[in-house]
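A.B. asks: Listed below are the residues making up each chain.
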Amino acid sequence: MAQSNHLVIKKLSFSRNERLLFDDLDFEFERGKITAILGPSGIGKTTLLKLIGGQLPVDSGEILFNNQAIHNCSEKVRYQARQKMGMLFQSGALFNDLSVFENVAFPLREHFKLEESLLQTLVLMKLEAVGLRGAKDLKPAELSGGMARRVALARAIALDPELVMYDEPFTGQDPISMNVLLKLVKQLNSTLGITSIIVSHDVNEVLSIADNVYVLAEQSIIASGSVDDIFKQTDNALLQQFLLGKSEGPVPFHFKGASFADDLEQVNR
Amino acid sequence: MITSFISHVGQTSLTFVHLIGRACLMLWLTLFGKPHRKLFPLFIQQLFQLGILSLPIILTSGLFIGMVLSFQGYYVLVDYAAEQSLGSLSALSLLRELGPVVAALLFAGRAGSSLTAEIGLMQSTEQIASMEMMAVSPYKRVLAPRLIAGIVALPLLTLLFNVMAIWGGYLIGVSWLGVDSGAYWSVMQGSVDYVPDVLNGVLKSVIFAIIITWVALYNGYYAVPTARGISLSTTKTVVISSLLALAMDFVLTALMFGA
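Protein chains in written order, with the working numbering: chain A, 960 to 1228; chain B, 19 to 277.
Excised from the complex, chain A in its bound form (with noise of 0.2 angstroms):
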């Protein structure tokens, strides 16, 4: 079971500005699975995957990744292990200054010393994966939302890593950017054999893909294993809420506060 479990998380807790985000959770990923979080927006998703990458420090728990503690490690150590991780950004972060052929170029140009001819094999090579190698010579600020998250995915995938994360990688696409995204992860994960965390609300489109899911709400995981499972867990107003997006259930449409007629009868005292 150690070996085919790619990242492992154990009683994981993690706290912003005094509130609490995650209270002891555990996760598993599989290698060579597409994994998917799901949760309300502002539940801390990109904050897990920020964890997982060591941007954040964890309160406490333990994240380990190729049974290696990375939540803890030195400098050194989590730098090595995030040359094995990419990450697709919500907004794509490319850097605005350089061409899409030098954005997908930037981490192989730091990290090893590479003849001309052979960066560039490799980087048309990624962009050719994406499809997006015909725009190679344009700057960011060109390049629609889809194609800039493709152009990112090329980036992710440029160091050849073992894990890739998403970080709601379908939020605002239209619907031919989406599928194309969709097939891009599927692709990417069963060609490659990536192991793939997918952060994301979008719960449709998600588990179209997925293999395994974890759902999150109110600090903890409050459904986890196969899609299939998850659908079938029909006593669980929360889960079934959140899947089936209904505006009334246990989160109530209305935000706390005092009753409808108490406040009109301040107002009309």
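Simulated from the structure, these hints should not be mistaken for laboratory data. Ideal placement from N, C-alpha and C gives every residue a C-beta, glycine not left out. Hints may be right or wrong, so weigh each one.
[Said to hold, decoys possible] Pairs of lysine-lysine, DSSO-like flavour, derived with a Cα cap of 27 angstroms: (1) A:K1072 - B:K52; (2) A:K1035 - B:K158; (3) A:K1145 - A:K992; (4) A:K1095 - B:K52; (5) B:K52 - A:K1009; (6) A:K1043 - B:K158; (7) A:K1009 - A:K969; (8) A:K1095 - A:K1142; (9) A:K1191 - A:K1043; (10) A:K992 - A:K1009; (11) A:K1043 - B:K52; (12) B:K52 - B:K158; (13) A:K1072 - A:K1095; (14) A:K1098 - B:K56; (15) A:K1009 - A:K1215; (16) B:K56 - A:K1072; (17) A:K1072 - B:K158; (18) A:K992 - A:K969; (19) A:K969 - A:K1043; (20) A:K1072 - A:K992; (21) A:K1191 - A:K1145; (22) A:K1145 - A:K1043; (23) A:K969 - A:K1035; (24) A:K1098 - B:K158; (25) A:K970 - A:K992; (26) A:K1043 - B:K254; (27) A:K1035 - B:K56; (28) B:K52 - A:K1035; (29) A:K1191 - A:K1215; (30) A:K1009 - A:K1035; (31) B:K158 - A:K1009; (32) A:K1043 - A:K1072; (33) A:K1205 - A:K1215; (34) A:K970 - A:K1035; (35) A:K1191 - A:K992; (36) A:K1142 - A:K992; (37) A:K1035 - A:K1098.
[Stated by the list, open to error] FRET-style restraints, in silico, Cβ to Cβ: (38) B:M274 - A:L1073: 36 to 42 angstroms; (39) A:R990 - B:K52: 43 to 49 angstroms; (40) A:P1209 - B:I24: 41 to 47 angstroms.
Once you have looked at the hints, place chain B on chain A.
C.D. replies: Chain B in isolation, oriented as in the chain A frame:
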């Protein structure tokens, strides 16, 4: 009342200590340890951004300040029939005070603000975070070349500012108001000493450069990652770095020329 006052003082001091700690840690991570492989080309690129692009404002301001100084100096000196000393007055006030200070204030407005805005934007668009995730240290890749370029650029700009200002003073004093050209230069040569005047001025501007670039990078790196946050940080950079430079100028002047 008293407890709330005490807790407020405590809170403020804590925030201040926290800020100083963070700023020092940032400086440490930027300057110490293995430098980036391409530090030199990155440094040259930033020297262009911070130095060459600040040249127009520095040279123009230098010219005008030298001309104004010459006018005002002449009208005071002429009452004592001492207008021949105009060269000495211009050169000493420029090299010791006006040059380093005015160039530093202009540098804070031109280069400091652009540094903060640039780094803040990189922070808000997650470019810094993505660099970290690609196992590239943003301290070494982004901050270090900018800090070093700032420290090199400002003293050079200050010297050019002084040259322009002294020339501007010559234009007004000699060509317009009729001070003798030979007297302008020879009195200047006689009164300006290399170490106390020229080198002290350069030393001042090195220290101002460290302060301004450090404040600018800190405010950019820790900007609240929104449009409003970045604009507030940019303003803060100009205000804080200008005030710190002026305060430091007083301290340095007292140390250098006070005894």
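A.B. asks: Each of the hints needs a verdict: does it hold here or not?
C.D. replies: Status of the hints after comparison with the structure:
1. At most 27 angstroms may separate the alpha-carbon atoms for a hinted pair to count; K1072 of chain A and K52 of chain B meet this at roughly 17 angstroms.
2. For the given pair, K1035 of chain A sits about 14 angstroms from K158 of chain B by alpha-carbon distance, which is consistent with the 27 angstroms threshold.
3. Straight-line distance between C-alpha atoms of K1145 of chain A and K992 of chain A comes to about 10 angstroms, which keeps the hinted pair within the 27 angstroms bound.
4. Among the hinted pairs, K1095 of chain A with K52 of chain B is inconsistent with the structure: their alpha-carbon atoms are about 32 angstroms apart, more than 27 angstroms.
5. A threshold of 27 angstroms between alpha carbons decides the hint, and for K52 of chain B with K1009 of chain A the separation of about 25 angstroms falls inside it, so the pair holds.
6. Taking the CA atoms of K1043 of chain A and K158 of chain B, the gap is about 21 angstroms. The hint holds against a cut of 27 angstroms.
7. This hinted pair checks out: K1009 of chain A and K969 of chain A have alpha carbons roughly 16 angstroms apart, not beyond 27 angstroms.
8. Restraint check: the Cα-Cα separation between K1095 of chain A and K1142 of chain A comes to about 21 angstroms, which is no more than 27 angstroms; the hinted pair holds.
9. Between the alpha carbons of K1191 of chain A and K1043 of chain A the distance comes to roughly 35 angstroms, so the proposed pair goes past 27 angstroms and is violated.
10. For the hint linking K992 of chain A to K1009 of chain A, the alpha-carbon distance of about 20 angstroms falls within 27 angstroms, and the restraint holds.
11. A hinted pair counts as satisfied when its Cα atoms are at most 27 angstroms apart, and K1043 of chain A with K52 of chain B qualifies at roughly 22 angstroms.
12. With a C-alpha separation of about 8 angstroms, the suggested pairing of K52 of chain B with K158 of chain B holds against the 27 angstroms cut-off.
13. Distance check on the hinted pair: K1072 of chain A and K1095 of chain A sit about 21 angstroms apart at the alpha-carbon level, within 27 angstroms; holds.
14. At most 27 angstroms may separate the alpha-carbon atoms for a hinted pair to count; K1098 of chain A and K56 of chain B meet this at roughly 23 angstroms.
15. Taking the CA atoms of K1009 of chain A and K1215 of chain A, the gap is about 30 angstroms. The hint is violated against a cut of 27 angstroms.
16. A distance of roughly 11 angstroms separates the Cα atoms of K56 of chain B and K1072 of chain A; the hinted pair therefore holds under the 27 angstroms criterion.
17. Between K1072 of chain A and K158 of chain B, the direct Cα distance comes to roughly 18 angstroms. Compliance with the 27 angstroms bound is thereby established for this hinted pair.
18. Only pairs whose Cα atoms come within 27 angstroms are accepted, and K992 of chain A paired with K969 of chain A is accepted, the gap being roughly 19 angstroms.
19. The straight-line distance between the Cα atoms of K969 of chain A and K1043 of chain A is roughly 21 angstroms, inside the 27 angstroms bound, and the hint therefore holds.
20. Taken as a hint, the K1072 of chain A and K992 of chain A pair is broken in the structure, with Cα atoms around 32 angstroms apart against an allowance of 27 angstroms.
21. Simply put, K1191 of chain A and K1145 of chain A have alpha-carbon atoms about 24 angstroms apart, close enough for the 27 angstroms limit, and the pair holds.
22. The straight-line distance between the Cα atoms of K1145 of chain A and K1043 of chain A is roughly 19 angstroms, inside the 27 angstroms bound, and the hint therefore holds.
23. Taken as a hint, the K969 of chain A and K1035 of chain A pair is honoured in the structure, with Cα atoms around 23 angstroms apart against an allowance of 27 angstroms.
24. The hinted pair formed by K1098 of chain A and K158 of chain B meets the criterion: a straight-line CA distance of about 24 angstroms does not exceed 27 angstroms.
25. Our distance criterion of 27 angstroms between C-alpha atoms is met by K970 of chain A and K992 of chain A, whose separation comes to about 22 angstroms.
26. Between K1043 of chain A and K254 of chain B, the direct Cα distance comes to roughly 39 angstroms. Violation of the 27 angstroms bound is thereby established for this hinted pair.
27. In summary, the hint linking K1035 of chain A to K56 of chain B is supported, as the alpha carbons are separated by about 19 angstroms, within the 27 angstroms threshold.
28. The hinted pair formed by K52 of chain B and K1035 of chain A meets the criterion: a straight-line CA distance of about 12 angstroms does not exceed 27 angstroms.
29. Only pairs whose Cα atoms come within 27 angstroms are accepted, and K1191 of chain A paired with K1215 of chain A is rejected, the gap being roughly 31 angstroms.
30. Annotation: proposed proximity of K1009 of chain A to K1035 of chain A holds, straight-line Cα distance about 17 angstroms (limit 27 angstroms).
31. With a C-alpha separation of about 20 angstroms, the suggested pair K158 of chain B and K1009 of chain A falls inside the 27 angstroms cut-off, and the hint holds.
32. Of the supplied pair hints, the one linking K1043 of chain A and K1072 of chain A holds, its CA atoms being roughly 18 angstroms apart against a limit of 27 angstroms.
33. The suggested pairing of K1205 of chain A with K1215 of chain A holds, with an alpha-carbon distance near 18 angstroms, which does not exceed 27 angstroms.
34. Restraint check: the Cα-Cα separation between K970 of chain A and K1035 of chain A comes to about 25 angstroms, which is no more than 27 angstroms; the hinted pair holds.
35. Distance hint between K1191 of chain A and K992 of chain A is fulfilled; the C-alpha atoms sit about 21 angstroms from each other, no more than 27 angstroms.
36. Proximity of K1142 of chain A to K992 of chain A is assessed by CA-CA distance (about 15 angstroms); at most 27 angstroms being required, the pair is judged to hold.
37. Using a Cα cut-off of 27 angstroms, the hinted pair K1035 of chain A and K1098 of chain A is violated, with the two alpha carbons roughly 33 angstroms apart.
38. Hint check: M274 of chain B to L1073 of chain A, Cβ distance near 52 angstroms, so the stated range 36 to 42 angstroms is violated.
39. For R990 of chain A paired with K52 of chain B, a C-beta distance near 33 angstroms fails the hint of 43 to 49 angstroms.
40. Taken as a hint, the range 41 to 47 angstroms holds for the pair P1209 of chain A and I24 of chain B, whose Cβ atoms sit roughly 44 angstroms apart.
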